[in-house]
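Visitor: Okay, here's what each chain looks like letter by letter:
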Amino acid sequence: MIIDILAGAVRGGTSIMYAGLGETISERGGVINLGTEGAMLLGALGGYAVTAETGNPWLGVLGGALAGALLSLVHAVLVVSRRANQFASGLTLYFLALGVTSLFGVSYVSRQINAFTPVPVPGLSEIPGLGPILFDHDPLVYVAYVAAPVIWWVLFRTRVGLLVRTAGERSEALEVNGYSVQAVRYCATVAGGALAGIGGAHISIAYANSWFENMIAGRGFIAVALVIFAMWNPVRIMAGAYLFGAALSLASVLQTSGIAVNQFALNAVPFVLTLVVLAILGRRTMLAAPDELLKVFDNSRTT
Amino acid sequence: MRLTRTARVCLVAAVVAVLAACSPAVSTPEADGSAPAGDSAPGADATKVGVIAVGPKDDFGYNQAVFQGVEALRGEFPDLEVLEAYNIPEDDTAATTMESMVAQGATIIFATSYGHLDAAKQVADAHPEVVVVHQGGLLDPAPANMGTYFGSVFEPVYLAGIAAGAATQSGKLGYIYAIPIPQTLANINAFTLGAQSVRPDVEVTAVSTTSWCDPATQADRVASLLSSGVDVMTQHQDCTKTIIEATEAAGAFTVGYHADASSLAPVGWLTGSEWNWGPLYTDIVQTAIDGGFTGSEYNGNYRANMASGENPFVASAFGPSVSDETKALIAAAAEELEAGGSPFTGPVTAQDGTVTVADGETPPIETIEQMDYFVQGVTGTVS
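Respectively, the protein sequence lines represent chains F and B. Using our numbering, the letters of the first sequence map in sequence onto residues 1 to 303. Using our numbering, the letters of the second sequence map in sequence onto residues 1 to 383.
Treat the hints with care, as some may be off.
[Said to hold, decoys possible] If you want the footprint, here are the derived chain B segments under chain F, 3+ residues with CB under 8 Å: (1) 88-100; (2) 211-219; (3) 369-381.
Read the hints as simulated data drawn from the structure, not as lab findings. All C-beta atoms, glycine included, are put in the ideal place defined by N, C-alpha and C.
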């Protein structure tokens with residue numbers, strides 16, 4: 001039972017992790033993207049459509065990433081170039097994505113695809129306990145194992161990461177050194193959208209293996225909450241995504257075991273966890289936030 | 001039967017606006033919305049029919065069945081024009097869409113989702129010359145130009161339960177449902193009673209997704225059920241592809257619901273229940289065209305069942321693994337239902353041991369449509 005919950009946590013947390021990592025990059029660069037749910041929807045449809053047309057799920061991942069990146073590019077144009085309100089732009093783009101994917105996704109609802117299937121890692125998947133939890137999943141789960149530490153390393157140990165973080169902390173320092181804040185923010189936002197798109201594609205071509213309108217069902221918003229929960233740290237995103245994934249998979253395992261728990265209450269667990277963290281850490285979450293992000297929250301501190 | 005989504009409202013509003021803009025091109029004498037000439041009966045001599053559905057027409061489920069009913073109408077009435085609108089949410093959009101269909105000359109309207117009822121009433125009140133029928137609702141009383149219709153869904157589900165009980169090795173069956181509404185509870189109970197009739201020790205694990213279509217949650221539920229030893233899976237969901245494909249991949253059996261999805265499970269498909277709206281839609285339209293809608297059985301709450309011989313919810317075709325012996329058992333049970341029997345003929349015992357239907361009694365349809373408990377043999381909670 002514990003193994004089922006943990007294996008489910010890893011499988012179910014993966015899409016949230018990709019989206020959370022993307023949002024972390026974006027917010028580290030100073031741009032909040034509430035359209036993450038929309039980027040995941042576009043990624044789910046893009047991934048499904050490309051897989052259906054080409055028969056290759058890896059091309060589907062690419063399609064999902066491009067679709068997510070495209071939506072975030074629109075967000076970047078609005079908030080970086082046009083300096084529009086980040087919350088308004090993100091939410092509007094989410095609703096746009098919901099409508100667009102519902103409209104254009106109709107023809108894919110009944111299509112069958114050559115989806116990703118679990119690939120047990122030879123040897124490792126035989127380990128009692130750990131094997132089924134960690135090493136009996138689809139390839140995108142394994143890619144996520146590597147993605148989180150790599151993104152941490154890029155953000156905190158490389159020049160590119162320094163540029164992104166500076167755009168989010170002290171953007172004027174970038175200008176002084178001859179870099180374009182706008183260019184860096186464009187890159188961070190679009191990269192974030194691409195990762196959210198991969199997260200969406202994971203749901204449609206590796207996890208649920210189908211496309212239906214609104215199939216992300218709030219996981220993109222969980223990812224945005226996760227970024228605060230993880231205090232803008234990719235490695236904590238990984239841990240948090242699996243924790244949220246465990247909350248989701250707990251609902252399945254408890255029901256299957258006949259343990260009476262209200263389903264609607266279980267659905268709320270990820271959000272309750274985030275609220276608890278916000279309540280406990282209070283201002284400390286804001287201290288961890290990129291400085292430029294605080295300007296978005298606080299209108300009196302204009303750029 | 002899904003939640004309202006603002007985005008869809010905007011989208012559909014735009015589509016409706018376009019439709020409305022186009023309507024003069026296809027207008028007929030009735031198109032200006034004024035009362036028809038003379039005092040003819042509602043829907044009489046209709047040349048256009050409008051149908052609205054809450055989901056997409058190819059969902060392997062409830063809405064696909066509506067689409068198939070529409071196709072049957074087209075086959076029966078080659079001269080009739082059928083206007084269709086899918087993905088219509090259960091809010092004002094439904095009324096706007098139906099109004100637009102009336103403006104285009106439709107004089108018979110089918111509103112096919114449970115939550116379209118209020119909008120359907122509104123349209124019926126505004127247009128006494130138009131027949132409005134609603135799928136699954138209850139009216140008290142029905143205006144002269146309106147009615148509701150539905151089938152006894154739990155009857156074929158009971159028959160499918162027999163197939164599941166005969167097929168299971170582990171004695172564990174899985175039932176994935178959305179929310180515990182009476183119709184779903186009656187289905188789960190009928191399925192359990194059917195399975196118990198051939199295998200008394202069978203256990204049905206009922207798990208909720210809290211949504212009519214959330215494929216990722218479905219994937220999670222299927223994985224848990226399969227891992228717990230379930231070897232026959234069924235569901236009451238609007239979209240079914242994720243569940244059926246995952247079950248087939250695991251080598252377990254599938255019992256379908258809403259539509260024939262055997263193409264998704266060529267090996268493990270046992271049987272299922274599906275809508276066959278064609279004959280009923282046809283009869284309703286014919287009755288209206290003939291001018292006899294008002295006062296007919298459709299001008300009220302029409303419920304068909306197997307005993308009346310016209311239940312629009314029927315058993316699906318059998319899959320390859322179902323034995324002749326099982327088919328004979330199911331045929332015998334079907335005969336009993338056709339003779340007026342019920343899956344819920346007592347004794348029926350709830351999970352907590354209370355006898356809810358006394359020995360030999362048969363509850364009326366109104367009682368079944370208000371069911372609020374699981375029977376013994378179901379693992380799960382109504383919460």
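Visitor: Does the structure break any of the earlier hints, and which numbers would those be?
Guide: Violated hint (a single one): 1; every other hint is consistent with the structure.
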